[in-house]
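S.K.: Throw the hints in and build the complete structure from the sequences for me.
Number of protein chains: 2
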Amino acid sequence: MADEVKLLKTWSSLFGLRVVWALKIKGVQYESIDEDLTNKSPSLLLYNPVHKKIPVLVHDSKPVVESLIILEYIEETWKQNPLLPEHPKERAAARFWAKFGDDRVMPSIWEAFIKGREEEEHCAFAPAIENLKFLEEQLKGKQFFGGERIGLVDIALGWLANLIPVLEEIHAIKLMDRERFPLLFAWIQEFSKTPVIADCWPPHEKLVSKYRAIRESLLAAAPPHHA
Amino acid sequence: MADEVKLLKTWSSLFGLRVVWALKIKGVQYESIDEDLTNKSPSLLLYNPVHKKIPVLVHDSKPVVESLIILEYIEETWKQNPLLPEHPKERAAARFWAKFGDDRVMPSIWEAFIKGREEEEHCAFAPAIENLKFLEEQLKGKQFFGGERIGLVDIALGWLANLIPVLEEIHAIKLMDRERFPLLFAWIQEFSKTPVIADCWPPHEKLVSKYRAIRESLLAAAPPHHA
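Chains as they are written, first to last, in the UniProt record's numbering: chain Y, 1 to 227; chain H, 1 to 227.
Quick caveat, the hints were computed from the structure, so don't treat them as lab data.
Glycine residues also receive a C-beta, built at the ideal position from the N, C-alpha and C atoms.
Warning: the hint list may mix true and false statements.
[Said to hold, decoys possible] Residues from chain H that face chain Y, not an exhaustive set, calculated with beta carbons under 7 Å:
{"hint": "1", "residue": "Val50"}
{"hint": "2", "residue": "Lys62"}
{"hint": "3", "residue": "Val64"}
{"hint": "4", "residue": "Glu66"}
{"hint": "5", "residue": "Ile69"}
{"hint": "6", "residue": "Glu76"}
{"hint": "7", "residue": "Pro88"}
{"hint": "8", "residue": "Lys89"}
{"hint": "9", "residue": "Ala92"}
{"hint": "10", "residue": "Arg95"}
{"hint": "11", "residue": "Phe96"}
{"hint": "12", "residue": "Phe134"}
M.R.: Next up, the structure:
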């Protein structure tokens, strides 16, 4: 019996894209189901009763949730084109940088994106820049975080390639310029143009509109910055 | 050549204990090094330059950090007495509940512990109780989260067994009572008295003093609750 694989996601979700990319790299056929998060489907509520969030991978009617956990599941279930290195120490390092991306890089960039104003951009972006420096260091001597090919860390950090150009357009700044982050800059180019990634890239203009609207609504709801 | 295994931790760290328990369950010999976090050692800064936190597992001079990642490393390196089930779906479920413990249960209990005052205890503890209900559900028909023996989820949630009695003593309340959470109540008893766990349990009275002092200093530093 062929595997029945479904993926509940949204068109723009950075977490959903991780799963899309991993399935494509593994060559796993799947049915993509776009959720409307303002009106969650009974399937989503059934399959992820705790968080009620996408992405959800449904494999032979059983759900797996949390994007980094789904990546581990995909790696263990479909062995071809490995996403993780073989040695436990390198596997631990890959998991570390994936988690660092979620725990440290993502909130620092999000905070800068929402709160950063032109007059204080340097200050607002400082923590994000500090975090990105650690990632820059990891790319020394490598094309991808995974080495010569895209691996779990590239997939986990793929949202950077996705979001940085959007953020830069909205803020009209250069956060990840070639001088400051030559390796990350090159990585974004290489990663984005890899066919398996490029094939399912959400349209840039649509992302800009979406994130511009999110930023404006959050700023409107927030208390004034200077009392 | 025998493995050289060192563990940088503190006497009370709930995250450090995870690694201690996993190494004991696997029967791995290790050297324990207690860190003074007010005066971090050169080793700690060398081995965990990003977070500068314990625990750090040093195996043949190479560090592994982040307690849940260390557990995966231990599982992959020493195969005896597995901490994770065999099937990828069950492995994903175990990783989910371990992460749920860190992302949801821990902050909700910490918040209640710090902010909860007698007159509003019901309200302060409500999110923690909601989260604990999910865990109670997971224990149905099982002695441990891992089934008949202690597994990754038990180790990851072990801090509950450790901290709940401390918190209850400081607050003079019963959070995890036998009526509300019969299965979690029984699990705390079973887990705590398992020899491999009980052997390295920090002294209850010392934990009470420590957490009482943390709570008092945080409350003293916080703005008044009612303006």
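S.K.: Are the hints correct? Go through all of them and say.
M.R.: Cross-check of the supplied hints:
1. Among the interface hints, the one on valine 50 of chain H holds; its C-beta lies about 6 Å from the nearest C-beta in chain Y, closer than the 7 Å criterion.
2. Because the beta carbon of lysine 62 of chain H sits about 6 Å from the nearest beta carbon in chain Y, less than 7 Å, this interface hint is met.
3. For the restraint placing valine 64 of chain H at the interface with chain Y, the shortest Cβ-Cβ distance is roughly 5 Å, inside the 7 Å limit, so the hint holds.
4. Taken as an interface hint, glutamate 66 of chain H checks out: its beta carbon lies about 6 Å from the nearest beta carbon of chain Y, inside 7 Å.
5. With a cut of 7 Å, the hint placing isoleucine 69 of chain H at the interface with chain Y holds, because the nearest CB-to-CB distance is about 5 Å.
6. This hint holds: glutamate 76 of chain H has a C-beta 4 Å from the nearest C-beta of chain Y, less than the 7 Å allowed.
7. Interface restraint check for proline 88 of chain H: the shortest CB-CB distance to chain Y comes to about 4 Å, inside 7 Å, so the restraint holds.
8. Given hint, lysine 89 of chain H at the interface with chain Y, holds; its Cβ is 6 Å from that chain's nearest Cβ, closer than 7 Å.
9. With a least beta-carbon distance of about 4 Å to chain Y, the hint placing alanine 92 of chain H at the interface is held under the 7 Å criterion.
10. Nearest Cβ of chain Y to the Cβ of arginine 95 of chain H: about 5 Å, under the 7 Å cut. The hint holds.
11. The interface hint given for phenylalanine 96 of chain H holds, since its Cβ lies 6 Å from the closest Cβ of chain Y, which is under the 7 Å cut-off.
12. With a least beta-carbon distance of about 6 Å to chain Y, the hint placing phenylalanine 134 of chain H at the interface is held under the 7 Å criterion.
Consistency note: the structure conflicts with none of the earlier hints.
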